[in-house]
Amino acid sequence: MKKHLTKTLFSIAMATAFTVGCAGNSLATTDIQWWHAMGGVNGERVNKIANDFNASQKEYKIVPVYKGNYTETMTAAIASFRAKKHPHIVQVFEVGTATMMAAKGAVYPVEEMMNDAGLKLDKSAFLPAVISYYQTSDGELLSMPFNSSTPVMWYNKDAFAKAGIKEVPKTWPEVYEASKKLVAAGYKGGFSFGWQSWVMLENFGAWHNIEVGSKENGFAGLDTEFTFNNAAVKKVMADVAKGQKEHLFLYGGRRGDSLPMFINEEVGMWLNSSAYYGGIKKQAKFEFGQAMLPYYPELIDKPQNSIIGGATLWVLKGHEKGDYKGVAEFMNYLASPEVQAWWHQETGYVPITTAAYELSKKQGFYEKNPGTDTAIQQLSLNTPTPNSKGVRFGNFVQVRDIINEEMEAIWNGSKTASDAMDDAVKRGNKLLRKFEKANK
Amino acid sequence: MIEKRPMVSWFSHAVLLLGIAMVAFPIWITFVGASHDAIRMTQAPLPLLPGDQFFVNLKAVFVQGVGNAKEQSVGLMMFNSLVMAMMIAVGKITISLLSAYAIVYFRFPFRMLFFWMIFITLMLPVEVRILPTFEVVANLGMLNNYWGLTVPLIASATATFMFRQVFLTVPDELLEAARIDGAGPMRFFWDILLPISRTNIAALFVILFIYGWNQYLWPLLITTDKSMYTIVMGIKQMLEAAEEAPEWHLIMMTTLLAMIPPVMVVVGMQKLFIKGLTETEK
Amino acid sequence: MLKRTHFKPSALPYLLVAPQIIITVVFFIWPASQAVYQSLLLEDPFGLRTEFIWFENYVELFTDSIYFSTFLRTIVFSSLVAFLSLFIALILAAMADHVVRGTTVYRTLLIWPYAVAPVVAGTIWMFIFDPTLGIVSYLLHFVGYDWNHRLNGGQAMALIVLAATWKQISYNFLFFLAGMQSIPKSLIEAAAIDGAGPARRFWTIIFPLISPTTFFLMVMNIVYAFFETFGIVHAVTKGGPAKSTEILVYKVFNDGFIGLDLGGSAAQSVILMILVIALTIIQFKYIERKVEY
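Protein chains in written order, with the numbering used here: chain A, 1 to 440; chain B, 441 to 722; chain C, 723 to 1015.
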């Protein structure tokens, strides 16, 4: 009401100053806004999906809009929601899941929307490791998985041959052994990684079936607390810090900033998302491969399963009822095996349905591109446990920043692994409590 | 006559050349980067000398476009930047001239209130109040058009402040003489004050043009329509390709192009710019 | 403040200030007051649940050692940028003032970084210093110095100081040069006849005479380093590694825009606003006095 009044007042005041030309919408089709964060080549692919869908029917028109990187896209969508100018569909990265979930008045759960539109959503068709990340504790699917990936170990086959490494390392001790050989063979370092909180902490936990936080990694309640300052995590961090002293590990920055180190053969192994396939294939002047993440045999006999990253599509409330029919149809189209298989093969993201995986297999994609099914195998290695379903913590964007900062403090020697993880947990818990309070 | 010491002169020239080298080095690197192909720009060490791909890249950004999905035309983005910069510069100068004139030459109730209302906005950048400002703009239906891109950024007092300083230095006799000639307030403004402030207007134009041209967070937030994207925003977006290495050769080419108009404005108007600025020290 | 001679009261002045006032109210005062209100709230990002918590956001800030160190860091960063860019610009201006021929050419070649967007400047410098690809880091590696601003906080700080300074030299140079050239040549000649060498002339005559310019530039540079360097930090380091380059403006943006902690970010905005208003008043008082002379 207050907002409304001011709005009216300002409108009157402004209308005299400028007339805002609004193009009249004379089209018969309904426009559906889809805000996404896919830059570069992937942006072209998003456009292709939208165009293909638009060509397949006449009622709805999907309008994809690139809104910057993941955080910029999410913030833009939230800001526009507050101003009631929001899109129908927004792509949100996995760390934003808890924030979106808590916004019950803003989010239209995908499963509910599909049911309302009379389109059946067959959840059993989806890969469990992919959708478990986005389900409520009663199993309702909240958002539509779109681009999912998981961290793998990229390695330089030529470098391995030169350094005399015969077997691709499977465990962490083997990674360090191989790194020593690489350094001895004249490489600047052994391995590096990116998206470090996701790869070295969240996935480390899932891979070794260790919780990152209480209450099933936050799935079972807002009163969750971080517990990752345990001996296992501290050990992996301390080992990396130790390895760094002998150049076995080189730090190259957050996100994918360390990719050039791998491309330029400064390091022989790189732990990061499987979705870098396209980029590496284009740039690397050497033979490369991907393998599963290394594990510690003393912590677990056989690794559990890794968790996904990437983003899903969330539907926002507040549009015409008829629009959502179009959104539902688009989601249906998106999940079809043909679209999924194409997207998976083009981008390196994992297929979200078993059908798409089977189709890719039938098309001979994995034979032609060996190693590209590493991610999916790793994700479906075992049935996810409460510790390997994913993570769901409030304010997680900020918490990831904290974890990044504390990890950087270890790498540059200003803190011990133990102190840094204790501090990260302490600072992170503060944000969890704030989130709990704001969302009660 | 000051004595000539050749040593000192040589030294001065040497220092200046060093300064120029330092200032120009990044631009040289940008130019070099814009003249190589994509693969070369991912291999260390990066080149120090230009390659032969300059025109290929130039064509690539102009014909195919850049940014997300290569569908944004550099030409259109530069045009949007130009419109944005011009609207901000012209709009701000206009409203500031008027308000400074009112505050300096008229006595009226609430004059001081207005004065302070304007002046507290002096230096606060839009970044720190961006979300509430966004809501206002959205409520007014100003997303995705030039009004939304420019009008909120006009709300700052730098220009008003400067014109106030200029007007204060104008001799009072001028107004008295004008009055004797029977000139009204608007007449006085047009015929006397405006011509006097010419160089200051030019100087401000330079500052504001650059300010407008260089915006990026604001356009990023309020545009969802590709036809409204600006060039600086385009560069930032090219850097953010998710899970892909940035295409440095195209980024550097776009950067080079994005620098040309503001640099032309500064260099072309440098005489007026300096004169206008230093006369009032603002 | 007001001309001694002025126009009779009428409706005209209201019409004249109206556009500026409307825009200021709608796009500045209103959003700013929203920010003040928001700083007293605990809110979820979508604005669906709101709780009034008085000054809790402020208390949290002031008891947070991280905020305090961000403050300190901002001061260090701003002083470094202001000092370096003033110092280099002063030297260059003195030299350009000294050489008889070519002043205009030198000026033209030195002023244009002013036109480069902070984000663009940051992008270029980041590119030059990229730990793996960058040309300078490659050269440094040869002389045995390991450059990695993604790991080493000191190096990251050095890099943003460098980029921010680079961009600001031109502006300072322009003002210094103009200031020096407005000093009557007779003064300098008189000193020269008294046997004062170029260095002595600079310190005893030129430098004191341009001190108003220096003071003005100091304020402008501090403001620049406080606020306008946002684009540089955003493009080069994003505040990292481990917060070592997070300055106040960046923190406001990062907590609010990225972290979606609207209340906490708004509280920081309010503190910044107060700071800016204080700076404005100081500068205003100073200029006011000068004009009075």
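These are computed hints drawn from the structure, not numbers from a lab.
Quantities reported herein were computed from a predicted structural model and do not represent experimental measurements.
You may find that some hints are simply not true.
[Said to hold, decoys possible] List time: in silico DSSO-like cross-link candidates among lysine-lysine, alpha-carbon distance up to 30 Å:
#1 C/960 <-> A/85
#2 A/84 <-> B/666
#3 C/907 <-> A/282
#4 A/426 <-> C/960
#5 A/188 <-> A/242
#6 B/711 <-> C/960
#7 B/499 <-> A/282
#8 A/157 <-> A/170
#9 B/711 <-> A/48
#10 A/321 <-> A/180
#11 B/666 <-> A/282
#12 C/907 <-> A/188
#13 A/245 <-> A/215
#14 C/960 <-> A/434
#15 B/666 <-> A/321
#16 A/58 <-> A/84
#17 C/907 <-> A/430
#18 B/666 <-> A/285
#19 A/120 <-> A/317
#20 A/170 <-> A/104
#21 A/281 <-> B/711
#22 A/104 <-> A/368
#23 C/907 <-> A/281
#24 A/317 <-> A/302
#25 A/48 <-> B/666
#26 A/48 <-> A/85
#27 C/960 <-> B/666
#28 A/84 <-> A/281
#29 A/440 <-> A/426
#30 A/430 <-> A/235
#31 A/180 <-> A/235
#32 A/181 <-> A/120
#33 A/85 <-> B/499
#34 A/235 <-> C/907
#35 A/317 <-> B/499
[Unchecked claim] These stretches of chain C come out as covered by chain A in the derived footprint (C-beta under 8 Å, 3 or more residues):
#36 850–856
#37 939–953
#38 972–984
No residue lacks a Cβ here, since even glycine has one placed at the ideal position from N, Cα and C.
Against the structure, the hints:
1. Proximity of residue 960 of chain C to residue 85 of chain A is assessed by CA-CA distance (about 29 Å); at most 30 Å being required, the pair is judged to hold.
2. Between the alpha carbons of residue 84 of chain A and residue 666 of chain B the distance comes to roughly 21 Å, so the proposed pair stays at or under 30 Å and holds.
3. For the given pair, residue 907 of chain C sits about 64 Å from residue 282 of chain A by alpha-carbon distance, which is inconsistent with the 30 Å threshold.
4. Under the criterion of a C-alpha separation no larger than 30 Å, the hint pairing residue 426 of chain A with residue 960 of chain C is consistent with the structure, at around 23 Å.
5. Restraint check: the Cα-Cα separation between residue 188 of chain A and residue 242 of chain A comes to about 16 Å, which is no more than 30 Å; the hinted pair holds.
6. As the CA atoms of residue 711 of chain B and residue 960 of chain C are separated by approximately 37 Å, the hinted pair breaks the 30 Å bound.
7. The straight-line distance between the Cα atoms of residue 499 of chain B and residue 282 of chain A is roughly 22 Å, inside the 30 Å bound, and the hint therefore holds.
8. Pair hint residue 157 of chain A plus residue 170 of chain A holds up; C-alpha atoms about 15 Å apart against a cutoff of 30 Å.
9. A C-alpha spacing of about 51 Å is found between residue 711 of chain B and residue 48 of chain A, which places the hinted pair above 30 Å, so the restraint is violated.
10. At roughly 61 Å between alpha-carbon atoms, residue 321 of chain A and residue 180 of chain A are farther apart than 30 Å, so this suggested pair is violated.
11. Between residue 666 of chain B and residue 282 of chain A the CA atoms are separated by roughly 28 Å; this keeps the pair inside 30 Å, and the hint holds.
12. A hinted pair counts as satisfied when its Cα atoms are at most 30 Å apart, and residue 907 of chain C with residue 188 of chain A does not qualify at roughly 60 Å.
13. For the hint pairing residue 245 of chain A with residue 215 of chain A, the CA-to-CA distance comes to about 37 Å; that exceeds 30 Å, so the pair is violated.
14. Between the alpha carbons of residue 960 of chain C and residue 434 of chain A the distance comes to roughly 24 Å, so the proposed pair stays at or under 30 Å and holds.
15. Under the criterion of a C-alpha separation no larger than 30 Å, the hint pairing residue 666 of chain B with residue 321 of chain A is consistent with the structure, at around 27 Å.
16. For the hint linking residue 58 of chain A to residue 84 of chain A, the alpha-carbon distance of about 27 Å falls within 30 Å, and the restraint holds.
17. Pair hint residue 907 of chain C plus residue 430 of chain A does not hold up; C-alpha atoms about 65 Å apart against a cutoff of 30 Å.
18. Our distance criterion of 30 Å between C-alpha atoms is broken by residue 666 of chain B and residue 285 of chain A, whose separation comes to about 35 Å.
19. At most 30 Å may separate the alpha-carbon atoms for a hinted pair to count; residue 120 of chain A and residue 317 of chain A meet this at roughly 20 Å.
20. At roughly 43 Å between alpha-carbon atoms, residue 170 of chain A and residue 104 of chain A are farther apart than 30 Å, so this suggested pair is violated.
21. A distance of roughly 53 Å separates the Cα atoms of residue 281 of chain A and residue 711 of chain B; the hinted pair therefore is violated under the 30 Å criterion.
22. A C-alpha spacing of about 45 Å is found between residue 104 of chain A and residue 368 of chain A, which places the hinted pair above 30 Å, so the restraint is violated.
23. Between the alpha carbons of residue 907 of chain C and residue 281 of chain A the distance comes to roughly 67 Å, so the proposed pair goes past 30 Å and is violated.
24. Proposed proximity of residue 317 of chain A and residue 302 of chain A is contradicted: the alpha carbons are some 44 Å apart, above 30 Å.
25. Between residue 48 of chain A and residue 666 of chain B, the direct Cα distance comes to roughly 16 Å. Compliance with the 30 Å bound is thereby established for this hinted pair.
26. Among the hinted pairs, residue 48 of chain A with residue 85 of chain A is consistent with the structure: their alpha-carbon atoms are about 25 Å apart, no more than 30 Å.
27. With a CA separation close to 26 Å, the supplied pair residue 960 of chain C and residue 666 of chain B stays within the 30 Å bound.
28. Annotation: proposed proximity of residue 84 of chain A to residue 281 of chain A is violated, straight-line Cα distance about 42 Å (limit 30 Å).
29. About 21 Å separates the Cα atoms of residue 440 of chain A and residue 426 of chain A, which keeps this hinted pair within 30 Å; it holds.
30. Restraint check: the Cα-Cα separation between residue 430 of chain A and residue 235 of chain A comes to about 24 Å, which is no more than 30 Å; the hinted pair holds.
31. Taken as a hint, the residue 180 of chain A and residue 235 of chain A pair is honoured in the structure, with Cα atoms around 19 Å apart against an allowance of 30 Å.
32. Simply put, residue 181 of chain A and residue 120 of chain A have alpha-carbon atoms about 55 Å apart, too far for the 30 Å limit, and the pair is violated.
33. Taken as a hint, the residue 85 of chain A and residue 499 of chain B pair is broken in the structure, with Cα atoms around 37 Å apart against an allowance of 30 Å.
34. For the suggested pair residue 235 of chain A and residue 907 of chain C, the alpha carbons sit about 72 Å apart, so the restraint of at most 30 Å is broken.
35. Distance hint between residue 317 of chain A and residue 499 of chain B is unfulfilled; the C-alpha atoms sit about 43 Å from each other, more than 30 Å.
36. Coverage of the stretch 850–856 of chain C by chain A holds [criterion: at least 3 residues with CB-CB distance below 8 Å; count 4].
37. Note: the stretch 939–953 of chain C has 0 residues with beta-carbon separation from chain A under 8 Å; the three-residue rule is not met and the coverage is violated.
38. With 7 residues having a beta carbon nearer than 8 Å to a beta carbon of chain A, the stretch 972–984 of chain C meets the requirement of three or more and the stated coverage holds.
Violated hints for the displayed structure, listed by number in ascending order: 3, 6, 9, 10, 12, 13, 17, 18, 20, 21, 22, 23, 24, 28, 32, 33, 34, 35, 37.
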